[in-house]
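Fit chain B to the supplied structure of chain A, relying on the hints for placement.
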Amino acid sequence: MRENLSSILVAVLLSYLVFISGCNNVGAGSNGSNPNMNSGPQPPAGSPAPVQSVLTDCGTIISSPGTYSLNSSLETNSSPEACVTITGTDNVTLNCNGNSITGVGEYGIGALNVNSLIIENCMVATGTGDGFSTLLGLNNVKGATVTGSTFGSRLNNFGGVLISDSTNITFGSRLPSAPANPSVTAITNPVISSQLSNAPPASNTLYGFLDASNNINLVIEGTAMTSGTRSELNSFMIGIFGGQNTHVANNTVNGLGSPIPIEENGVYYINGAGSDDDILVEDETGPGSLISGNILVNTFDCGIETVGFMRDITLYSNYIDTVAIGMGGWYYVSVTNAQYAQNVMTNIEYSGFRYIRFGGLRPAGGQNLPYLSYIIPADMPAETTINFNQNQFSGNTLAQPIGFLGERVGSVEVPVYSSMAYIAISTLPGTDPTPQQFITVNNAFASNIFDKAFYPLLFSSGEDWSYTSNDVIDGKGNICSGSQNYVPPVSPTFGHPTDAVVLFSPIICGS
Amino acid sequence: MHPRAKKFILIFVVVLAVPTTVLAADWLLGWHSRLWQPVAARQATQELHRLYQLREFCNQSNTMEKRLDFGIQKLRDKKNYWNNKMVRWESSTTDPKNATISFGLSENPALYDPYSKDAESQTDPFMNRRNRQIQNLRDRNFSYLEKIFNDVTKYGAEDPSIWGIVQDKHDELTQIVKSGEFQACMAVLDSVLPTQVKKGGRQ
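Order-wise, the sequence lines are chains A and B. With our numbering, the residue at position 261 of the first sequence is 302, and numbering never jumps. With our numbering, the residue at position 70 of the second sequence is 80, and numbering never jumps.
Some hints could be false.
[What the hints assert, rightly or not] The following label-pair restraints were derived from C-beta to C-beta distances:
{"id": "1", "chain 1": "A", "residue 1": "467", "chain 2": "B", "residue 2": "170", "range": "32 to 38 Å"}
{"id": "2", "chain 1": "A", "residue 1": "136", "chain 2": "B", "residue 2": "142", "range": "34 to 40 Å"}
{"id": "3", "chain 1": "A", "residue 1": "226", "chain 2": "B", "residue 2": "180", "range": "54 to 60 Å"}
{"id": "4", "chain 1": "B", "residue 1": "17", "chain 2": "A", "residue 2": "95", "range": "54 to 60 Å"}
{"id": "5", "chain 1": "B", "residue 1": "165", "chain 2": "A", "residue 2": "406", "range": "37 to 43 Å"}
{"id": "6", "chain 1": "A", "residue 1": "136", "chain 2": "B", "residue 2": "170", "range": "35 to 41 Å"}
{"id": "7", "chain 1": "A", "residue 1": "511", "chain 2": "B", "residue 2": "179", "range": "54 to 60 Å"}
Hints are computed from structural coordinates only; laboratory data are not their basis. Everything numeric in this text was worked out from a predicted model, so none of it was measured. Yeah, the Cβ is synthetic: ideal placement off N, Cα and C, and Gly gets one too.
So here's chain A without its partners, still in its complex pose (with noise of 0.2 Å):
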């Protein structure tokens, strides 16, 4: 009887002990249960703490706090959802040890509504080749790092990773600089050699794009990139669009294109392959928004391109390599406070500043524009100047210019005296402005070399006058081919009367 009771009394125990515990264990998997996870040790009974999971299959959906883990690889079918989907959660670390996840489906890790979070040592390879997976995407995430891990594939055009309308990401880690990319090697870009040697590990390795629209305090920092294949058109290796305070830092971006076009029974084209520029940069305001410490080589358009306006950003200590222009803009471009400083500029094809301005003053936000790759905000006002002001150039160097069929390369374009050579384009909508809404002063030239196998730095360019006598500040030290300008006898003047015009050199130019 007693060993009866006591049985009894055991079974009724354990089962009790085993419900209280499952109550612990909940929030994640699909339609109230949860078969794609192994539990791991649960936490005690009664307090609210985290979950610790194993991941065995795609099609997860975790809603709760915790640790998820992957102990073996994962492959997606064609579903439309992520393979691991984080949703309406906050505190989830997500740990594939170094597993991969492929597959045809076209969406690797998806998360979704979600307050701090750790992905880290992930291998997702996911789709079909067609370049439209979503690798990895971040929508509404606040506070969230990605770490050791790789996106994409060498052998493939998968995609790439969207990080949309969130704060506080950082993509990789702090490096002491550009890390090592295999496809970044002396034989590929011999002019950088140097910074490639002692490169240290990347902090994640991405094959594809960057998109990242519409975030606060974005990271991106230690990354070795290469556009998907050298086939296949890209538009752009990373997107940083509608940002406030980001930072792109210490990243090594191989576009695996060329500025040198391809010529076909006269007809001169680029051949589609690779990237058109390294970074995007549109309608991006600070403060404290920082590009440094890049290796950025190989695209047929530019290192680093402005569209719509930039505002107080420091653009520094970058290498860029085998483009047709290191740093420029022209579709709506505006940029205030920007710091060129200490950026290193090789083999060139066209230019390596070129700021000019395409498309009239820009109407209220809420529509769609021709080359913004971002959704306006609706309440964005309408332009009402157009500004090249307070910029510094310092201590940047311009060398060993491509020179394609005999041209002469630039070093410096910005046409600050004459409107910004500002050119309405029937597609770009847009008022026109007056001459009186450039603003486009205090803009100092320092310490910078610019071999002399370039172009004198360009000041106008037969554009309405926009010139006043503070535009272009020299701030001495600057060694450059020239810088002689016409310019009206009087300044201000703005318009373009019919006044005769004078030779100015507003840089001296050493030797």
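What follows is chain B alone, placed relative to chain A:
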């Protein structure tokens, strides 16, 4: 009763009482919502999660479309530059009234029409591929929308109050998602999804 039986019962009561007390306190102090929420939340928001997912699909589709359009436009620009370019860098050393900027845009702005068709252009294959891939995204989004509606029809809505609003917009959503108006798709979903988790980042 035998002392050993008493001891068994005492142990049983104590072991049973501890977690029961914790659970009771949890319930009374309101922790129950934290403890039990994941199951309840998951069941109550399954179609809600899918609607957020659909919004994100539209967001990603919009991104992909803009990426392709940017790349194709820039290819056109480059080709036009290379085949229409004038003498470079002459503008500063000639009378600016006669100067020209090097891209030659003002000479023929029509060249920059992103919708123009150029039979010889190498961008056409990219354009064809772009159209095909955008159609794939439309199809993906539409089939996902239909799956959401079919599953609710089959299994019932887990949040009828929100689902009622969504159902009222079924026709509108179907039309928009089919048409590939990705931003409109996001706007419609924003009008029905709870606002507090709709959008982070820069407002």
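- Task: Note whether the CB distance of residue 136 of chain A and residue 142 of chain B lies within 34 to 40 Å or breaks it.
- Result: holds, 37 Å
- Supplied distance hint 35 to 41 Å, evaluated on CB atoms of residue 136 of chain A and residue 170 of chain B: holds, 38 Å
- Query: Cβ-Cβ distance between residue 17 of chain B and residue 95 of chain A: within 54 to 60 Å?
  - Reply: For residue 17 of chain B and residue 95 of chain A the Cβ distance comes to about 40 Å; the hint is violated.
- Item | Outcome of range test on Cβ distance (residue 511 of chain A, residue 179 of chain B; 54 to 60 Å) | holds, 57 Å
- Satisfaction of the hinted span 37 to 43 Å by the C-beta atoms belonging to residue 165 of chain B and residue 406 of chain A: holds, 41 Å
- Message: A range of 54 to 60 Å was offered for this pair. Does it hold for the Cβ distance of residue 226 of chain A and residue 180 of chain B?
- Response: Holds, at about 55 Å.
- Item | Beta-carbon spacing of residue 467 of chain A to residue 170 of chain B - inside the hinted bounds 32 to 38 Å or not | violated, 51 Å
When held up to the earlier numbered hints, the structure conflicts with 1, 4 and fits the remainder.
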